[in-house]
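Based on these hints, arrange chain Z on the given structure of chain R.
This is what each chain is made of:
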Amino acid sequence: EAAVTQSPRNKVTVTGGNVTLSCRQTNSHNYMYWYRQDTGHGLRLIHYSYGAGNLQIGDVPDGYKATRTTQEDFFLLLELASPSQTSLYFCASSDQGAEVFFGKGTRLTVV
Amino acid sequence: QQQVRQSPQSLTVWEGETAILNCSYEDSTFDYFPWYRLFPGESPALLIAIRPVSNKKEDGRFTIFFNKREKKLSLHITDSQPGDSATYFCAASAGTGYQNFYFGKGTSLTVIP
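First to last, the sequence lines map onto chains R and Z.
Under our numbering, the residue at position 65 of the first sequence is numbered 65, and the numbers go up by one with no gaps.
Under our numbering, the residue at position 107 of the second sequence is numbered 107, and the numbers go up by one with no gaps.
Check each hint, because a few of them may be wrong.
[What the hints assert, rightly or not] Just the calculated beta-carbon pair ranges, DEER-fashion:
1. R:Asn-18 / Z:Asn-55: 46 to 52 Å
2. R:Leu-55 / Z:Ala-49: 23 to 29 Å
3. R:Pro-8 / Z:Asn-100: 22 to 28 Å
4. R:Leu-77 / Z:Thr-18: 42 to 48 Å
5. R:Glu-99 / Z:Asn-67: 20 to 26 Å
6. R:Leu-77 / Z:Glu-26: 27 to 33 Å
7. Z:Asn-55 / R:Glu-99: 20 to 26 Å
8. R:Gly-53 / Z:Lys-72: 38 to 44 Å
9. R:Thr-15 / Z:Pro-82: 37 to 43 Å
Treat the hints as calculated values from the structure; they're not laboratory data.
Idealized CB from N, CA, C, for every residue including glycine.
In isolation and in its complexed conformation, chain R is listed as follows (with noise of 0.2 Å):
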């Protein structure tokens, strides 16, 4: 069974914040995506990439940063949160036109 980790699972942090989201997968796939889920919005893809020292835009990218440092870990990086970004985030692999395994999500809280 393909394995994404996500940690932490729960963070809270203050509008201004800085925070990093850090994402591990076992699989040996070459692309890794984050993605927030928002009801009424769906799964919005933030970035994606599809090898280590890769990175490319996803749809929602304002606010956030990303570093593919191995083909394993994929990190998203929020320099200055604020209340808008409070969301479920999922980080994904994949490799290309085959299943996509999602991590269990990451709740992030920005007060």
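Okay, now just chain Z, sitting in the frame of chain R:
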């Protein structure tokens, strides 16, 4: 522009009934259509998927009906069970080059015992 649209936003059915979840898409180059199911506190997980070479894909109580001409598909859940209560996401992707899945906004299904 929303690439993938789902309806209804929420759906309630009685146990034993057939739930029908609808999906439509914009880009005719899309060639892979998975449905993901999300239970609260869990990961979205692949439920069933179809490619345009077929107009129907069946897996137990779950069936996808696909209409390429109208760019529509639907997920039918027969003999619905309370355990089917979840949010269902339709997605689409084009398999060439990078892989970007476009997800719909989801349908929240509630099955009443």
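Verification of the supplied hints:
1. R:Asn-18 / Z:Asn-55: 46 to 52 Å: With a Cβ separation near 50 Å, R:Asn-18 and Z:Asn-55 satisfy 46 to 52 Å, so the hint holds.
2. R:Leu-55 / Z:Ala-49: 23 to 29 Å: 27 Å, holds
3. R:Pro-8 / Z:Asn-100: 22 to 28 Å: At roughly 27 Å between Cβ atoms, Z:Asn-100 and R:Pro-8 fall inside 22 to 28 Å, so the hint holds.
4. R:Leu-77 / Z:Thr-18: 42 to 48 Å: 45 Å, holds
5. R:Glu-99 / Z:Asn-67: 20 to 26 Å: 24 Å, holds
6. R:Leu-77 / Z:Glu-26: 27 to 33 Å: Since R:Leu-77 and Z:Glu-26 have Cβ atoms about 31 Å apart, the given range 27 to 33 Å holds.
7. Z:Asn-55 / R:Glu-99: 20 to 26 Å: 21 Å, holds
8. R:Gly-53 / Z:Lys-72: 38 to 44 Å: 40 Å, holds
9. R:Thr-15 / Z:Pro-82: 37 to 43 Å: 40 Å, holds
Hint violations for this structure: none, all hints satisfied.
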